[in-house]
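Undergrad: Letter by letter, the chains look like this.
2 protein chains.
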Amino acid sequence: MSDPIDFWFDFSSPYGYLMSERIDELAARFGRKVRWHPVLLGVVFKATGSAPLTLQSPAKAAYSLLDFARSARFMGIPYRHPTRFPLATQNAARAYYWLHSQDCALARRFAHAAFRALYVDDRDIAAPEVVLEIAADLGVDRSSLEAALQSQEIKDRLKAEVDNALAIGVFGSPHVMIDGEAFFGADRLPQIEKWLEAGGF
Amino acid sequence: MSDPIDFWFDFSSPYGYLMSERIDELAARFGRKVRWHPVLLGVVFKATGSAPLTLQSPAKAAYSLLDFARSARFMGIPYRHPTRFPLATQNAARAYYWLHSQDCALARRFAHAAFRALYVDDRDIAAPEVVLEIAADLGVDRSSLEAALQSQEIKDRLKAEVDNALAIGVFGSPHVMIDGEAFFGADRLPQIEKWLEAGGF
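The listed protein sequences correspond, in order, to chains A and B.
Its first residue numbered 1, the first sequence is counted upward by one per residue in UniProt numbering.
Its first residue numbered 1, the second sequence is counted upward by one per residue in UniProt numbering.
If you are wondering where the hints come from, they were derived from the structure by calculation, not from laboratory data.
Backbone N, C-alpha and C fix where the C-beta goes; we use that ideal spot for every residue, glycine too.
A hint or two may mislead.
Unchecked claim - To give a feel for the contact side, a few chain B residues facing chain A, derived at Cβ under 8 Å:
#, residue
1, K46
2, G49
3, T54
4, L66
5, Q102
6, C104
7, A107
8, F171
9, A182
10, F184
11, D187
12, F201
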């Protein structure tokens, strides 16, 4: 069994969402597992001097909106650009890590549900109550999660994940690492596939 | 016969080079011609508040160097990262437009030769004498081109092309436009192919 693949993303990243809909299935075809790492792009961009695509120049912002939706159609993934964008995702990320500490598979289901809530159903996943609802729909105890979202342990876990991502060289979302090789962007999926198939190229 | 495709690039853009090696052939499969527009990314970046990838954060710069070479291998295109990078390309761009005013096909051969001089043979295409040599190898009269590189008419033509690119929404290289639809990046070639095949998607 080969080493797991690492996948860093922010829940507010459209290309992170597109990657989230494909990476597990692709990895599984090559006998690989994927470790998911939600991070906060706001912190990453502050450290690297970058900014969200839609807050860059008007030309780049307009193109990005077009490309999010077109790339989703190209990949056959439902996409509706959220009314609130970009938005804060620390509650979704904290929920992920708390769930993961108890049940990896449940955390994965939550991550998919949170992404789809934002990019299919246009829900405001910045709001703690929306995150709690999404988790409750998966059978999670609402009051336990509500407490966890404010716990120092979970805040520290998320901070440690962001620090680690920066140390590894993550500068945006999605960022995938396979045996030390970095791939940035959902549009690198064909290269990832070839890399997994051939063990590098 | 459908409308031609437009292709904006800077001779110092690695992904522009990758696109230049594929776009004509792809377009031809769908009965399309391509109009090439060398521009100056320095001017574009100044107008849009951006910067070359290798002059952004250390993490993004390091990844970009890796991705230029890997994307070239993925596409089966020879690539050696130039010793001088990024570099000024107004001489190459001016030479292109002067040649184009006389012989479109010759201008195209020059553009390929200039890109390959930089990305295969590591030649300093910023230098006027290197541009003159590349053109002379294609049978171009050296002294006529030398004069053209300093002519106001050719300087004005390049400036008009850059202004037009900015007006159209070009913010980087390569930028391809098909029937009003924009595609940014060599990694959008699969989407371009599908678009040409299906007339949009």
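Undergrad: All hints, please: hold or fail.
TA: Status of the hints after comparison with the structure:
Checking K46(B) against chain A: minimum C-beta separation of about 11 Å lies over 8 Å; hint violated. The criterion of a C-beta within 8 Å of any C-beta in chain A is met by G49(B), whose closest approach is roughly 6 Å, and the hint holds. For T54(B), the shortest C-beta to C-beta distance to chain A is roughly 13 Å, which exceeds 8 Å, and the interface hint is violated. The interface hint given for L66(B) holds, since its Cβ lies 7 Å from the closest Cβ of chain A, which is under the 8 Å cut-off.
Restraint check, Q102(B) versus chain A: the minimum CB separation of about 32 Å is more than 8 Å; hint violated. Against a cut-off of 8 Å between C-beta atoms, the interface hint on C104(B) is violated, since the closest Cβ of chain A lies about 28 Å away. The beta carbon of A107(B) comes no nearer than 27 Å to any beta carbon in chain A, farther than 8 Å, and the hint placing it at the interface is violated. Taking 8 Å as the C-beta cut-off, the interface hint given for F171(B) holds, the closest approach to chain A being about 4 Å.
The closest approach between the C-beta of A182(B) and any C-beta of chain A is roughly 6 Å, which is under the 8 Å cut-off, so the hint is satisfied. Interface hint status for F184(B): upheld, as the beta-carbon distance to the closest one in chain A is roughly 6 Å, under 8 Å. A cut of 8 Å between beta carbons decides the hint on D187(B): the least distance to chain A is about 4 Å, and the hint holds. Hint on F201(B) holds. Least Cβ distance to chain A is approximately 6 Å, under the 8 Å limit.
The structure does not agree with the numbered hints 1, 3, 5, 6 and 7 stated previously, though it agrees with the rest.
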